[in-house]
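Colleague: First to last, the protein sequences are chains A and B.
One point on numbering: in our numbering, the residue at position 30 of the first sequence is 30, and numbering is uninterrupted.
One point on numbering: in our numbering, the residue at position 127 of the second sequence is 1127, and numbering is uninterrupted.
Since the hints were derived computationally from the structure, they do not count as laboratory data.
A few of these clues could be false.
Stated by the list, open to error - Under the rule of at most 20 Å between Cα atoms (straight-line distance), these lysine to aspartate or glutamate pairs were calculated in the EDC-like manner:
#1 A/Lys10 - A/Asp85
#2 B/Lys1196 - B/Glu1167
#3 B/Lys1174 - A/Asp131
#4 B/Lys1196 - A/Asp85
#5 A/Lys122 - B/Glu1177
Unchecked claim - Computed far set for chain B versus chain A, every beta-carbon distance over 12 Å:
#6 Thr1035
#7 Asn1052
#8 Arg1091
#9 Asp1169
#10 Ile1185
#11 Val1197
Said to hold, decoys possible - These stretches of chain A come out as covered by chain B in the derived footprint (C-beta under 8 Å, 3 or more residues):
#12 29-43
#13 80-93
C-beta: ideal position from N, C-alpha, C; glycine also.
Protein chains: 2
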Amino acid sequence: MCTTTTAPWKQLLLNSLHSNSNLRHSSYFQLATITPNGMPANRTVVFRGFENETNKIQINTDCRTHKIEDLKHWPFAEICWYFTDSWEQFRISGLVDVIDGSNPDSLKLQQREKAWFDSSPKSRLQYLGPDPGLPSLGDQPVQVPSSLDPAAGPVAAFCLLVLDPHEVDYLNLKSNERICFSRMIANEVISWNSEKVNP
Amino acid sequence: MCTTTTAPWKQLLLNSLHSNSNLRHSSYFQLATITPNGMPANRTVVFRGFENETNKIQINTDCRTHKIEDLKHWPFAEICWYFTDSWEQFRISGLVDVIDGSNPDSLKLQQREKAWFDSSPKSRLQYLGPDPGLPSLGDQPVQVPSSLDPAAGPVAAFCLLVLDPHEVDYLNLKSNERICFSRMIANEVISWNSEKVNP
């Protein structure tokens, strides 16, 4: 087990979230993965906080989306998170843990359950809708149940993704500064190296 | 040579650009590529219009950035373009043509020159700055020349990327509609198939 220290980029990211918090989309970022046939894939997802006190980034998703297939085949992803008000970009690359209901680790299942209850009742309903990406049947609007027992635990389609960052590239377009952070592990202690680079 | 028709997703995209045009960042999107060692990479870039009357998407970039290495190794990319005001997402995947000053095709060199002169004098100056991504020297701010002859053609570092879309996944989070467009070529005629799918 490794000792972790709070990463220096984490405070920058928390500052950006704070200074852009008036914007609903400030918690949205783009997650790039690689498909099983070797093609780049990219989509918008929502930041669901850090895992406990760690540097790990949580994302909720539907087990039936292609990104699950991508990540099971090749578990690396890069987040690109652009803050439209402060003109800051974070590129965060790392390994993604896919935690669905079949996970054998009871701690991870607890995490998934916590993520489920932390999400709004409305967003929970999405996971009861028809298979994302499959052809819509007929012209009627998508049928989703209108309510769900608020005490009911995660449904089968609910999946928690946890990205463990190993490199962060921070760019500030107002100050024209760029810093690259990279994780180092020595004697089971994690530390972060940072370097100013040309923007 | 193929006959092209205006893609049905292009009008949707033009509408989104129009309805979000009050926002500076509406022309920004995220471009995912794959690095030579097989890792996903993702960064924000700026939309520089369509190539003439085609469906091809133009991006200006610096030859010295990693994305050039990525694309020369594996020329596929996926754009994720989220419009923050209209809540629409376009995922656009395709093949990318990397047009730098050494390109043997004179028509492509003309295109690159046009892209250079279409960009603002201020943005042209960026290409004269130090090597992006390399360590900054000292603590002084980045040195960039303060002016450039407005009639001077593209500098060596200037590169035009042209993405030729073959699939577009459109999602509207307000109407909860999603449409997948895919390109088909038959008898040298390009057409687009569209299908409503579950969001």
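Colleague: Going through the earlier hints one by one, which of them does the structure break, listed in rising order?
Modeller: 4, 6, 8, 9 and 11
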